[in-house]
Amino acid sequence: MSMIRFEDVSVRYTGRSHPVLSHVDLDVAEGELCLVVGRTGSGKSTLLRAVNGLVPHFTGGLLTGRVTVDGRDTRDHPPRELADVVGYVGQDPLATFVTDVVEEELAYGMESQGVAPEVMRRRVEEVLDVLGMASVRHRALAALSAGQQQRVAIGSVLAAHPKVLVLDEPTSALDPAAAEEVLALLQRLVHDLGLTVLLAEHRLERVVQYADRVVLVPGGGAPLVIGEPGEIMATAPVAPPVVELGRLAGWSPLPLSVRDARRRAGDLRDRLTITQAGQPPAVPLATPPGAPLVSVRGLVVRYGSTVALRGVDLAVGHGEVVALMGRNGAGKSTLLASLVGMARPAAGRVSVDGAVPADLAPRELVRHVGLVPQEPGDLLYADTVRDECAQADADAAVPAGTAAGLLARLAPGIDPATHPRDLSEGQRLSLALAVVLAGRPPLVLLDEPTRGLDYPGKAALVVTLRELAAEGHAVVLATHDVELAATVAHRTVVLAGGEVVSDGPTREVVMSSPSFAPQVAKILAPVGMLTVDEVADALRAAG
Amino acid sequence: MTGWRLPRSLHPGAWWLWAIGLATAASRTTNPLLLGLVVAVAGYVVAARRTDAPWARAYGFYLRMGLVVLAIRVVFAALFGAPTPGHVLLQLPEVALPDWAAGVRLGGDVTLPAVVAALYDGLQLATMLACVGAANALASPKRLLQSLPGALYEVGVAVVVALSFSPQLVEAVTRVRAARRLRGRPDRGLRGLRGVAMPVLESALERSVELAAAMDARGFGRAGADRRGRRVTGLLTGGGLIGVCIGIYGLLDAGSPTALGLPMLLAGAALAVAGLAVGGRRATRSRYRPDPWDAPEWAVAVSGAAAAVAVLLASAGPGILALRPDPTTAPPLPALAALGVLVALLPAWLAPVPAPDGEAEESPGAGVPAHGSRATAA
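These protein sequence lines are chains A and B, in that order.
Every number in our numbering is 757 more than the matching position in the first sequence, counting from 1.
Every number in our numbering is 116 more than the matching position in the second sequence, counting from 1.
Among these hints, one or two may not hold up.
[Said to hold, decoys possible] On the chain B side, residues computed to face chain A include the following (Cβ under 7 Å): (1) Y236; (2) R259; (3) A288; (4) R291; (5) A294; (6) A295; (7) E326; (8) D332; (9) G337; (10) R401.
[Said to hold, decoys possible] Going by beta-carbon spacing under 7 Å, a handful of chain B positions derived as facing chain A: (11) V289; (12) R299; (13) A329.
[Said to hold, decoys possible] Just a sample of chain A residues kept apart from chain B, beta carbon distances all over 12 Å, derived: (14) T771; (15) G822; (16) G828; (17) R832; (18) E861; (19) S869; (20) H948; (21) H1075; (22) R1124; (23) T1141; (24) E1145; (25) L1225; (26) A1282.
If you're looking for bench data, these hints aren't it; they were derived computationally from the structure.
Every residue, glycine too, gets a C-beta built ideally from N, C-alpha and C.
Only chain A is shown next, with the shape it has when bound in the complex (with noise of 0.2 Å):
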């Protein structure tokens, strides 16, 4: 039977000259989990939104053709009217609260529907359960961790008992970790409940192996394309490494999931640490050697009575490009933060470039260190990219058209008279470091800057932060993406609960910890190869 279903549906937004959808057809069966990929901008999100008439009826646009829901049409059913058929989840969780303790938020949806109070109490119970959240039950909503909140959210709509379940990118912010557990909870409900799932995601590493059909949303209004996973993977422009790895290896069926990789992985191991023995790694990962440009000493820093770093040490030379992990309010951006001098510290020392951020004034900061927030979209002001670039200059005192000249290196061909906000997520990022590099810093952070971004965005920002490095620049970047560090990390620094718990060359810090390796490494282990290129490189050495 079919739960959701699109009939030659096409969308087109106010004042966008092409349709973001166009004649799409899809069927999605009952108790299916369905996962939807495609670039940034391409749709998904709009996808998503129409199946439970947010679009048009919230986003505005037209929408012709026709999508019904469990047999109801969102033509003549607004959103709330579909509320107890479809749970939507959007990105942010934190902005979608509508309350602020755990218990109420789950009941909130139940409430709206008037679904009776024993009803609503018995299922409150069920979906504490369900989450593995009873202990936290009466918790402010703000005190929790990402991955909690992620959950609440999901369990939230899952109280009112909904036949589909529809999440957009559920787990971009969350640490692996965190990421897991949601997974793990998706997939439960699938079994378990006979749940619809329509789920739209970058990370395809984390997700394609729970999926049973892949929808591919080429953007620009191309049809549709879909199949099943592995026949989608074998052709799809984005693509988790395993499947990288299973084409580079030529595979077929193409292994989704790092079990079933290694199974077929024998083989490539063993030509691998052949050619491996008496050779060089591929890619040099050594520290380099240099004078420290950051050195952090003892640095405590506290919020009131919560203690978000204890003691950090942490040196950072020229040329380093250094990876902060842990998981989310392990303090990463707070070390982030006393780099630039955001965050006072209680105790310790930090110097930058031979100064201490917290004392410099804006204007000399920014000739020491840039840092490019978690959300880019916070550092630009201006209405054109133009102006924007312009005014970087202005900031940091440099000729005209330096910023430009960075934005043109890092993401050739954007339109200078684009308003910052119709930028695609990976432009804005490239964006926000051209600005910040107009001052030269010699320091450069970035915070998060793979989230929203997809695997050619990626793939770019690799090559930017690479070009960085060997300019002499050194970069400091918080992210939860094993995958980037372990392509473009020299060194990976773990911060949980405000300490070091390790700090060392990439390589030997993610090998040693399953949740921070990346799949190559898991499928390859022993051998010590963390990416695809890595091993590309080293079967073409071995001819």
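Position chain B relative to chain A; hints supplied.
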């Protein structure tokens, strides 16, 4: 009676009724002994039955605010008060004002009776503030909003959302200021402020749109688009509330005619209740774990009312409540009124002990371990 002694949170409405009763008592007397008794009673009950919640510190805050009011009242009386004959404490230089400002005095003699009268007046205001503070400390403001009748549900949600909005606004300001600093712009001062306001408003707007979408998707405002019913509800409730306001004014202001007091209050209340009943029938939503209204709630509300009634009765008798300030003798303590106020002390034992907040309620190890333990093990 089940649940009489079990720890739970009392209905916020009961605490407010109790506090309003005490405030009404305070509004009818300037006797410092009686006012002091009211403050002490409120303080004792707060100390006995408050939680660890952030709003539970409200009582101390309101007390301090009351002291400030008291000080301002005394200073103003000394500077601007009408000349009162009596023992002169202090001679201030008097500023001669032009004719059109006749009746206004600036400076001059500060007399003991004037200061004492101001002290008593200020004490009355401070006591009423303390009563409000007690209610705020004992009853969660959000739970009070949630126990609004169905017809006022939308208003309640709007206020709840607005309440949770302010901390997010603060967070947005911090974020934007940080971003300005990162661009090398001033993050302080007037210029900094202007640059911060725009992005903050923008993000606030974006957030509210997103929240509205989320609420819509979760069924907020389903069905029930019955326009006529809505208008009737609005008319009844609005008219009723105006009536209640006039009635309360009449009751609290000793100088207004009696017809303006209790009758108006009752008529207004009746209208409002009718409006809420009509509106409540229309609402299709239900409520999760509503606060029960049980024997303890009755006891607390009645004890507050007792204090008010006792003081009202006593004020009808010979004037020992509204004192002519006479600094030479200690003010007398009216027995009936004092007994009435003491009745309001009973909630310190009658109200159930508040349930321990949050985590301690579950046995340790129940359910899945909290987030993060896996990563540490790895």
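Hints and how they fare:
Here the hint on Y236(B) is broken, as its CB sits about 41 Å from the closest CB of chain A, past 7 Å. A cut of 7 Å between beta carbons decides the hint on R259(B): the least distance to chain A is about 10 Å, and the hint is violated. The closest approach between the C-beta of A288(B) and any C-beta of chain A is roughly 10 Å, which is over the 7 Å cut-off, so the hint fails. With its C-beta approaching chain A no nearer than about 6 Å, R291(B) sits inside the 7 Å limit, and its interface hint holds.
Because the beta carbon of A294(B) sits about 5 Å from the nearest beta carbon in chain A, less than 7 Å, this interface hint is met. Interface hint at A295(B): satisfied, since its Cβ lies 4 Å from the closest Cβ of chain A, which is below the 7 Å cut-off. Checking E326(B) against chain A: minimum C-beta separation of about 5 Å stays under 7 Å; hint holds. The restraint placing D332(B) at the interface with chain A holds, with a minimum CB-CB distance near 5 Å, inside the 7 Å limit.
Proximity of G337(B) to chain A holds as hinted, the smallest CB-CB distance being about 6 Å (cut-off 7 Å). Restraint check, R401(B) versus chain A: the minimum CB separation of about 5 Å is within 7 Å; hint holds. For V289(B), the interface hint is violated, the least distance from its beta-carbon to any beta-carbon of chain A being 12 Å, above 7 Å. Taken as an interface hint, R299(B) checks out: its beta carbon lies about 5 Å from the nearest beta carbon of chain A, inside 7 Å.
Hint status for A329(B) relative to chain A: holds, with the closest Cβ pair at about 5 Å, below 7 Å. Its beta-carbon lying about 16 Å from the closest one in chain B, T771(A) satisfies the requirement of being farther than 12 Å from that chain. Against chain B, the non-interface label of G822(A) holds: every CB pair exceeds 12 Å, the least being about 21 Å. For G828(A), the shortest C-beta to C-beta distance to chain B comes to about 18 Å, beyond the 12 Å cut-off, and the non-interface label holds.
The beta carbon of R832(A) is kept farther than 12 Å from every beta carbon of chain B, the shortest such distance being approximately 16 Å. Listed as a non-interface residue, E861(A) fails to keep its Cβ farther than 12 Å from every Cβ of chain B; the least gap is roughly 7 Å. Against the 12 Å criterion, S869(A) falls within the reach of chain B, whose nearest CB is about 4 Å from its own CB. The beta carbon of H948(A) is kept farther than 12 Å from every beta carbon of chain B, the shortest such distance being approximately 17 Å.
Every C-beta of chain B lies more than 12 Å from that of H1075(A), the closest at about 21 Å, which supports listing it as non-interface. Listed as a non-interface residue, R1124(A) fails to keep its Cβ farther than 12 Å from every Cβ of chain B; the least gap is roughly 8 Å. Every beta carbon of chain B lies more than 12 Å from that of T1141(A), the smallest distance being close to 16 Å; the non-interface claim holds. For E1145(A), the non-interface assignment is contradicted: its Cβ lies about 10 Å from the closest Cβ of chain B, within the 12 Å cut-off.
Distance check for L1225(A) against chain B: the nearest CB is about 17 Å away, which clears 12 Å, and the non-interface claim stands. Non-interface call for A1282(A) relative to chain B: holds, since the shortest CB-CB distance, roughly 14 Å, exceeds 12 Å.
The structure does not agree with the numbered hints 1, 2, 3, 11, 18, 19, 22 and 24 stated previously, though it agrees with the rest.
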